[in-house]
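Protein chains in written order, with our numbering: chain P, 24 to 426; chain C, 24 to 426.
Treat the hints loosely; a few may be bogus.
One copy or two, either will do: identical chains are not told apart, so a pair holds if it fits within one copy or between any two.
Said to hold, decoys possible - Mimicking DSS-like on lysine-lysine, the simulated pairs with C-alpha atoms at most 30 Å apart in a straight line are: (1) Lys56 <-> Lys343; (2) Lys360 <-> Lys270; (3) Lys360 <-> Lys382; (4) Lys343 <-> Lys270; (5) Lys343 <-> Lys28; (6) Lys258 <-> Lys270; (7) Lys201 <-> Lys270; (8) Lys28 <-> Lys201; (9) Lys65 <-> Lys382; (10) Lys56 <-> Lys360; (11) Lys65 <-> Lys258; (12) Lys201 <-> Lys382; (13) Lys28 <-> Lys65; (14) Lys258 <-> Lys382; (15) Lys360 <-> Lys258; (16) Lys201 <-> Lys65; (17) Lys343 <-> Lys65; (18) Lys56 <-> Lys258; (19) Lys28 <-> Lys56; (20) Lys360 <-> Lys343.
Because the hints were derived from the structure by calculation, they are not lab data.
Here is what each chain is made of, one letter per residue.
Number of protein chains: 2
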Amino acid sequence: MNTIKIGLFGLGVVGQGIYRVIGRATNAHAEIKRICVRNIDKPRDLVIDPALLTDNADDILLDPEINLVVEVVDDAEASYRIVTGALRRGIPVVSGNKAMIARHLPELIEMQRRYDTALLYDASSCGSIPVIRNLEEYYDNDLLLEVKGILNGSSNYILSRVFDHDEDYADALRRAQKLGFAESDPSFDIEGYDSLFKLIIITVHALGVYVAPEQVFTYGISSISDFDIRYAREKRMKIKLVAQVVKVADDRFTMFVMPEFVSPSKYIYSVDDEYNGVVIRGECYDRQFMFGKGAGSLPTASSILSDVMARRHGYRYEYKKMDYLNLPSYTTDVMLKIYLRYPDEQFLSAIPFASVSEKFVSGTASYVMGEILLSDLIAHRELLRAPGVFVANIPRFFLNLDD
Amino acid sequence: MNTIKIGLFGLGVVGQGIYRVIGRATNAHAEIKRICVRNIDKPRDLVIDPALLTDNADDILLDPEINLVVEVVDDAEASYRIVTGALRRGIPVVSGNKAMIARHLPELIEMQRRYDTALLYDASSCGSIPVIRNLEEYYDNDLLLEVKGILNGSSNYILSRVFDHDEDYADALRRAQKLGFAESDPSFDIEGYDSLFKLIIITVHALGVYVAPEQVFTYGISSISDFDIRYAREKRMKIKLVAQVVKVADDRFTMFVMPEFVSPSKYIYSVDDEYNGVVIRGECYDRQFMFGKGAGSLPTASSILSDVMARRHGYRYEYKKMDYLNLPSYTTDVMLKIYLRYPDEQFLSAIPFASVSEKFVSGTASYVMGEILLSDLIAHRELLRAPGVFVANIPRFFLNLDD
């Protein structure tokens, strides 16, 4: 086992965290040899040897001493170029870019095989919680039924401020950005795409199946209103942004990201602030709950460090489940029960509910509660982004027995 | 990767669970080739091919086709003979016997190296929660500060029944045994030894240091009284049986198992019934909480299955941390704050408190709250088992900043 010599791409919030964490972890036998940044002269809080910095990727990719690329740039296209460039040269990579990974995972898996190298990305999903590694290594059996959780620390922080501290939505968002929880493009967090990308990655390691992001219903929290919040409170529930992949039969699974009414008896009810929480449900072990910091510089960096140290021992994801016989297939032919706040009756008539169990009309706001096919939600997803509309899932027995 | 052909030792609650789980997990490519039991003719609920059964260990140990021994016998001495017998022949072993492993771990590690084989025992600690694997593989860095949790499902079940359901202690114990949570010798669970053995194993994988069981202060729940329970309730706390290993300085750590007053803000407060919960605290990631079923046939069997599947990929614990430079050393020179219910003033005068902050005397019961060295608790551990005595830890800031 040699020293890991790291070429680091990116010196933003996470990159600076990595620089600090690697410095502290004396038994890691890892050192950062070069750091590639867009702008060398940008003022930084971090005191750093200027000789470490470069703006030329080749100073890392062509350095024969560097045996690991760690990539934490914010831009998904740059991330794709860096990661594929390194893999093509046989250099192992640790990446935290969920958007890039979720979009390109089949190709990235193929490249790892072709160039006999490794791409690790545990930090991409749930920050410091080792979800990917455990799904890949520990829940590697036929018993897995469901992975469900709060995967985005930023939107969860905002909902916590709004729900528990009566804060205004815009104030909460600003505060999240100030604390460094929110991505530079907040819509990424708030519209559910960050959770979606993590869910895509989780599903590959949970069930061995890749589903492209655009095939998955994704609905965020940006249109939540005081009315929705009051309604949830009256029912003694919280609204959380929940991502889930669920086996609905032996040979079929479904997945989606949307706000959900969560009752106090559920594990994820108490996942507040910037924390993430994931429930892994299986046939014999029932429910496992993993909980930890999902966002922020140092928690993410400590997860990157775990991947770096795994490389010292030659660890790579084997994607074993993808080779399983009888892989389940993705379906959207699933009936959900949802809460829909709607602007007017004309809007409502365009939404093909299978049945409506509750309807409330008032001058302030109107909502229905009813059953609808997930495929119909997908077909109408543009319409559901109209002003005055908010959708939330109501967990039901056939999908989530008693989670 | 070949099919794993298992020689199973033991067909009790866990052994039968393994038989069922292996049958269900079609992608595991594992089969049970032979099962060694003490009494072949014992009536069993399980319908099983009698040709699988043997009462001769050599039918497994000398079978060249068997490439994995799974050992779940109840008796620690038999477990030691089976595990060392297999390792000496170079056969990898999966074991769930925490008492045996905790007592013999240094020798078992040495044997794995000498005979170039593997012993996996994730099922030995916290049933279905992958604590050992994550400490070994994921929290493999210098950042770890503390592992603390409820490691024994049976005593936790009993405390939950007593605390939340006003049940009588003896009734709760009987119920736990009936449900198969309690070991055949209940004192193992209730006096804290089961938690202790798990803590010994966890400490090896958390900090790379082995501490012999008899060096660790271990105090159980068998002497808890209605007075203690009422007292905790008045303070809006629960009493839980908690095991913990904590770094108290860069170069020192301490560990102990004892009842603890737990306030509602702590993660482990809501770990009820037969569940286990473990908090892993580190420098950068703060707190990770893992929660799941710690006892019972199928949860334990699913954890055994994870170890079996890990063997398909040649996985073994590397015990990397044991080779670290500057390993921290175990200390009992640590001041704790405890609650002590005592029978009379003569007893109290024998206990060398450094200071007493609270004293209550009544005809029903008397207690003090005060500071005492852990080494003094150890020196007086026999005395503390006298009738009318109960000890519980009060977590303090210098040990557990704000856990």
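Verification of the supplied hints:
1. Lys56 <-> Lys343: Intra 33 Å, inter 24 Å, cutoff 30 Å: inter-copy only.
2. Lys360 <-> Lys270: Within one copy only: 17 Å inside a chain, 49 Å across chains, cut-off 30 Å.
3. Lys360 <-> Lys382: The answer is within: 13 Å in one copy meets 30 Å, while 57 Å across copies does not.
4. Lys343 <-> Lys270: This pair counts as within: shortest intra-copy Cα distance 19 Å, inter-copy 38 Å.
5. Lys343 <-> Lys28: Cα proximity of Lys343 and Lys28: in one copy and across copies (29 Å, 19 Å).
6. Lys258 <-> Lys270: Result: close within a single copy only, 28 Å intra versus 44 Å inter.
7. Lys201 <-> Lys270: neither (38 Å within a copy, 33 Å between copies)
8. Lys28 <-> Lys201: Result: close neither inside a copy nor across copies, 33 Å intra and 56 Å inter.
9. Lys65 <-> Lys382: neither (56 Å within a copy, 62 Å between copies)
10. Lys56 <-> Lys360: Classified as neither; 53 Å inside a copy, 47 Å across copies.
11. Lys65 <-> Lys258: neither (50 Å within a copy, 54 Å between copies)
12. Lys201 <-> Lys382: neither (40 Å within a copy, 48 Å between copies)
13. Lys28 <-> Lys65: within (25 Å within a copy, 60 Å between copies)
14. Lys258 <-> Lys382: So Lys258 and Lys382 pass the 30 Å test inside one copy only (16 Å; across, 45 Å).
15. Lys360 <-> Lys258: Within one copy only: 16 Å inside, 42 Å across.
16. Lys201 <-> Lys65: within (20 Å within a copy, 67 Å between copies)
17. Lys343 <-> Lys65: neither (43 Å within a copy, 40 Å between copies)
18. Lys56 <-> Lys258: Intra 55 Å, inter 54 Å, cutoff 30 Å: neither.
19. Lys28 <-> Lys56: within (6 Å within a copy, 46 Å between copies)
20. Lys360 <-> Lys343: For Lys360 and Lys343, the Cα distance exceeds 30 Å both inside one copy (34 Å) and across copies (50 Å).
Hint check: violations occur at hints 7, 8, 9, 10, 11, 12, 17, 18, 20; the rest are consistent with the structure.
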